[in-house]
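There are 2 protein chains.
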Amino acid sequence: MQDVDIKAQIRTVPDFPKPGVLFRDITTLLKRADGFHAVVEKLGAAYCGQPIDKVAAIESRGFIVGAALAYKLNVGFVPIRKHGKLPAENFGHDYELEYGADRLEVHCDAIQPGERVLLVDDLIATGGTAEAALRLIGIAGGSVAGCAFIVDLPDLGGRERLARLGYPVHALCQFAGD
Amino acid sequence: MQDVDIKAQIRTVPDFPKPGVLFRDITTLLKRADGFHAVVEKLGAAYCGQPIDKVAAIESRGFIVGAALAYKLNVGFVPIRKHGKLPAENFGHDYELEYGADRLEVHCDAIQPGERVLLVDDLIATGGTAEAALRLIGIAGGSVAGCAFIVDLPDLGGRERLARLGYPVHALCQFAGD
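In order, the protein sequence lines correspond to chains A and B. Just so you know, the first sequence maps onto residues 913 to 1090 in our numbering. Just so you know, the second sequence maps onto residues 913 to 1090 in our numbering.
These are computed hints drawn from the structure, not numbers from a lab. Misleading hints may appear alongside valid ones.
Capping the alpha-carbon separation at 20 Å, the derived lysine to aspartate or glutamate pairs in EDC-like fashion look like this [to be verified]: (1) B:984 x A:1014; (2) B:984 x A:953; (3) B:997 x B:1017; (4) A:930 x B:915; (5) B:930 x B:1067; (6) A:994 x A:1006; (7) B:919 x A:1021; (8) B:997 x A:937; (9) B:930 x B:946; (10) A:954 x A:1014; (11) B:994 x A:937; (12) A:984 x A:965; (13) A:997 x B:927; (14) B:997 x B:1014; (15) B:997 x A:927; (16) B:984 x A:1006; (17) A:984 x A:1001; (18) A:930 x B:1017; (19) B:930 x B:1014; (20) A:984 x B:1067; (21) A:997 x B:1014; (22) A:984 x A:1006; (23) B:930 x A:1017; (24) A:984 x B:953; (25) A:984 x A:953; (26) A:997 x B:1072; (27) A:984 x B:946; (28) B:930 x A:1001; (29) A:994 x B:937; (30) B:919 x B:953; (31) A:919 x B:1021; (32) B:997 x A:1014; (33) A:994 x A:965.
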């Protein structure tokens, strides 16, 4: 495994997508061959040998991390998408955001009953979207094998929220205190 | 390499996203460990040993194929996104669609001058979006190493359009004549 400081390669963009938000931008990490490779290797090492049948990832940045990890773990890939994007029959789950509501969907035939599914996204903040995706995996018949992220923002409490629900979380780095 | 009939694993959904369209749905291929693995192995074999510095992929389904292929080829990954999604300074390219217009963007620092970039998406139809992405790679300073897709719809002429512009196209399967 190459020795890349993952956190140091993530760019912080102030005031995106709105004033006052510090956006943690993983594109500066992923554009580097060694950075992208390190992300997949480190997440792969965390789950290698564990019983995982599929990786499910959240649109759109989650697809980048989740697809490479699914290939690394040699399992199938399931996209969890925003409303109206999936072409076939799907399950949906509505959830609350800070302002307003949103909906995630997964194809009804994406997960077989009892399959162990690893949820992947680029970042966990409040955990609202991740919780919705995890509930959707359950609705689809899967059991959650874990939740993997590149970035954890612990001040926003998402990791604790998922832990209280019984979902184990793994993240490669944290940004806290600002 | 596993012996998977890639085309046979792709589902056709009629009348999505609008009446009269036959949507080629790759999720039935990707959810299978052997299907997803075969896609990445076959695309990887097509470009293995070629001088490629980065994979650039088009939001959102392109991210799935492109990220796994970037990992396979051990190169960096660059997202090409719809307007307003990228947080830092970016180049944009407006292009015409059948009805209306759209815009793709890439970060200004995503590609170094002269880097050889492989463009990846799930499907090529008319080639309008792919052409816009290829022009954007040029605007960003890259040279195009190739264009890779899972599905080619030859009746819509995208492959020929890109070939006329000098871009070599590789696709894993075709759907024609319906």
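Each hint tested on the structure:
1. Taking the CA atoms of residue 984 (chain B) and residue 1014 (chain A), the gap is about 34 Å. The hint is violated against a cut of 20 Å.
2. With a C-alpha separation of about 12 Å, the suggested pair residue 984 (chain B) and residue 953 (chain A) falls inside the 20 Å cut-off, and the hint holds.
3. Between the alpha carbons of residue 997 (chain B) and residue 1017 (chain B) the distance comes to roughly 8 Å, so the proposed pair stays at or under 20 Å and holds.
4. About 48 Å separates the Cα atoms of residue 930 (chain A) and residue 915 (chain B), which puts this hinted pair outside 20 Å; it is violated.
5. Our distance criterion of 20 Å between C-alpha atoms is met by residue 930 (chain B) and residue 1067 (chain B), whose separation comes to about 19 Å.
6. Under the criterion of a C-alpha separation no larger than 20 Å, the hint pairing residue 994 (chain A) with residue 1006 (chain A) is consistent with the structure, at around 10 Å.
7. For the suggested pair residue 919 (chain B) and residue 1021 (chain A), the alpha carbons sit about 18 Å apart, so the restraint of at most 20 Å is met.
8. Of the pairs offered as hints, the one joining residue 997 (chain B) and residue 937 (chain A) holds, with about 11 Å between alpha carbons and a cut-off of 20 Å not exceeded.
9. Taking the CA atoms of residue 930 (chain B) and residue 946 (chain B), the gap is about 31 Å. The hint is violated against a cut of 20 Å.
10. Pair hint residue 954 (chain A) plus residue 1014 (chain A) does not hold up; C-alpha atoms about 31 Å apart against a cutoff of 20 Å.
11. Our distance criterion of 20 Å between C-alpha atoms is met by residue 994 (chain B) and residue 937 (chain A), whose separation comes to about 16 Å.
12. The suggested pairing of residue 984 (chain A) with residue 965 (chain A) holds, with an alpha-carbon distance near 13 Å, which does not exceed 20 Å.
13. About 13 Å separates the Cα atoms of residue 997 (chain A) and residue 927 (chain B), which keeps this hinted pair within 20 Å; it holds.
14. Restraint check for residue 997 (chain B) and residue 1014 (chain B): satisfied, since their Cα atoms lie roughly 13 Å apart, inside the 20 Å limit.
15. Only pairs whose Cα atoms come within 20 Å are accepted, and residue 997 (chain B) paired with residue 927 (chain A) is accepted, the gap being roughly 13 Å.
16. The hinted pair formed by residue 984 (chain B) and residue 1006 (chain A) fails the criterion: a straight-line CA distance of about 35 Å is larger than 20 Å.
17. A C-alpha spacing of about 29 Å is found between residue 984 (chain A) and residue 1001 (chain A), which places the hinted pair above 20 Å, so the restraint is violated.
18. Taking the CA atoms of residue 930 (chain A) and residue 1017 (chain B), the gap is near 19 Å; set against the 20 Å cutoff, the hint holds.
19. Pair hint residue 930 (chain B) plus residue 1014 (chain B) holds up; C-alpha atoms about 18 Å apart against a cutoff of 20 Å.
20. Restraint check for residue 984 (chain A) and residue 1067 (chain B): the C-alpha separation of about 35 Å exceeds 20 Å, so the hint is violated.
21. Of the pairs offered as hints, the one joining residue 997 (chain A) and residue 1014 (chain B) holds, with about 17 Å between alpha carbons and a cut-off of 20 Å not exceeded.
22. Under the criterion of a C-alpha separation no larger than 20 Å, the hint pairing residue 984 (chain A) with residue 1006 (chain A) is inconsistent with the structure, at around 31 Å.
23. Restraint check for residue 930 (chain B) and residue 1017 (chain A): satisfied, since their Cα atoms lie roughly 19 Å apart, inside the 20 Å limit.
24. This hinted pair checks out: residue 984 (chain A) and residue 953 (chain B) have alpha carbons roughly 12 Å apart, not beyond 20 Å.
25. Taking the CA atoms of residue 984 (chain A) and residue 953 (chain A), the gap is near 8 Å; set against the 20 Å cutoff, the hint holds.
26. At roughly 28 Å between alpha-carbon atoms, residue 997 (chain A) and residue 1072 (chain B) are farther apart than 20 Å, so this suggested pair is violated.
27. In summary, the hint linking residue 984 (chain A) to residue 946 (chain B) is supported, as the alpha carbons are separated by about 12 Å, within the 20 Å threshold.
28. Taking the CA atoms of residue 930 (chain B) and residue 1001 (chain A), the gap is near 15 Å; set against the 20 Å cutoff, the hint holds.
29. With a C-alpha separation of about 16 Å, the suggested pair residue 994 (chain A) and residue 937 (chain B) falls inside the 20 Å cut-off, and the hint holds.
30. Under the criterion of a C-alpha separation no larger than 20 Å, the hint pairing residue 919 (chain B) with residue 953 (chain B) is consistent with the structure, at around 15 Å.
31. Restraint check for residue 919 (chain A) and residue 1021 (chain B): the C-alpha separation of about 18 Å stays at or below 20 Å, so the hint holds.
32. Taking the CA atoms of residue 997 (chain B) and residue 1014 (chain A), the gap is about 17 Å. The hint holds against a cut of 20 Å.
33. Annotation: proposed proximity of residue 994 (chain A) to residue 965 (chain A) is violated, straight-line Cα distance about 23 Å (limit 20 Å).
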